[in-house]
Amino acid sequence: AQSVTQPDIHITVSEGASLELRCNYSYGATPYLFWYVQSPGQGLQLLLKYFSGDTLVQGIKGFEAEFKRSQSSFNLRKPSVHWSDAAEYFCAVGARGGSQGNLIFGKGTKLSVKP
Amino acid sequence: DAGVIQSPRHEVTEMGQEVTLRCKPISGHDYLFWYRQTMMRGLELLIYFNNNVPIDDSGMPEDRFSAKMPNASFSTLKIQPSEPRDSAVYFCASRPGLAGVGANVLTFGAGSRLTVL
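First to last, the protein sequences are chains A and B. Everything in the first sequence is counted per this note's numbering, starting at 12 for the first residue and increasing by one. Everything in the second sequence is counted per this note's numbering, starting at 301 for the first residue and increasing by one.
Honestly, the hints are just simulated from the structure, not real lab data. Note that the structure is predicted; figures quoted are calculated from it, not measured. Some hints here could point you the wrong way.
Listed next, the in silico DSBU-like pairs over lysine-lysine satisfying Cα-Cα at most 30 Å (straight line) [stated by the list, open to error]:
1) K378/B - K368/B
2) K118/A - K378/B
3) K368/B - K118/A
4) K324/B - K378/B
5) K72/A - K324/B
Start from the sequences and build out the full structure, keeping to the hints where you can.
Quick look at the structure:
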């Protein structure tokens with residue numbers, strides 16, 4: 012069955028420190044991969060996506076993610092965290108070609124940022 | 301484009317009452333999705349439509365839930381009768397069709413927070 016696992020429910024980092032949020036997926040083929048961010052009281056906003064090509068993808072707000080096929084992972088990274096990055100982050104997978112329509116989301120990782 | 305528009309943003313109702321949540325997708329998007337978010341279960345897909353036709357409603361929890369999409373610019377999610385366990389944030393999202401730029405990229409509304417007392 013298709014699934015997405017975000018092993019860390021809550022992470023706290025200091026402002027200015029680096030960040031890595033983990034995402035592992037189970038899928039029959041190479042899927043489309045996404046990271047979304049949700050600020051309190053808001054909907055989900057797309058940070059970045061991987062469809063094909065370069066396995067290191069750049070997103071908005073200084074985030075990047077690397078697709079590692081051998082590890083079935085798509086970890087999100089940021090070299091220096093800002094207080095405004097405090098939010099919940101969701102990894103998601105979708106079928107290539109969009110034939111199945113929907114995305115499967117992980118349960119999310121809540122990021123807290125210490126001053 | 302104003303994005304995906306949901307209403308109401310907040311709804312407080314009493315158990316047994318009917319609740320209707322509304323969604324206006326982005327113009328030109330062929331797919332519309334309804335998700336429910338709770339602390340316990342995370343983000344769950346309830347139902348999605350393609351060109352106004354329901355494609356997969358296997359996530360709809362029970363017969364008290366129903367969703368319609370009478371035209372390309374409007375969808376409703378109805379709960380009748382509502383129960384306290386339905387309290388959650390309900391998100392609507394839309395995306396272009398298969399051949400469009402940004403295919404598979406969902407755009408979410410701000411959500412409707414439902415509290416059933």
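Any hints this thing doesn't respect? Which numbers, in order?
Result: no hint breaks.
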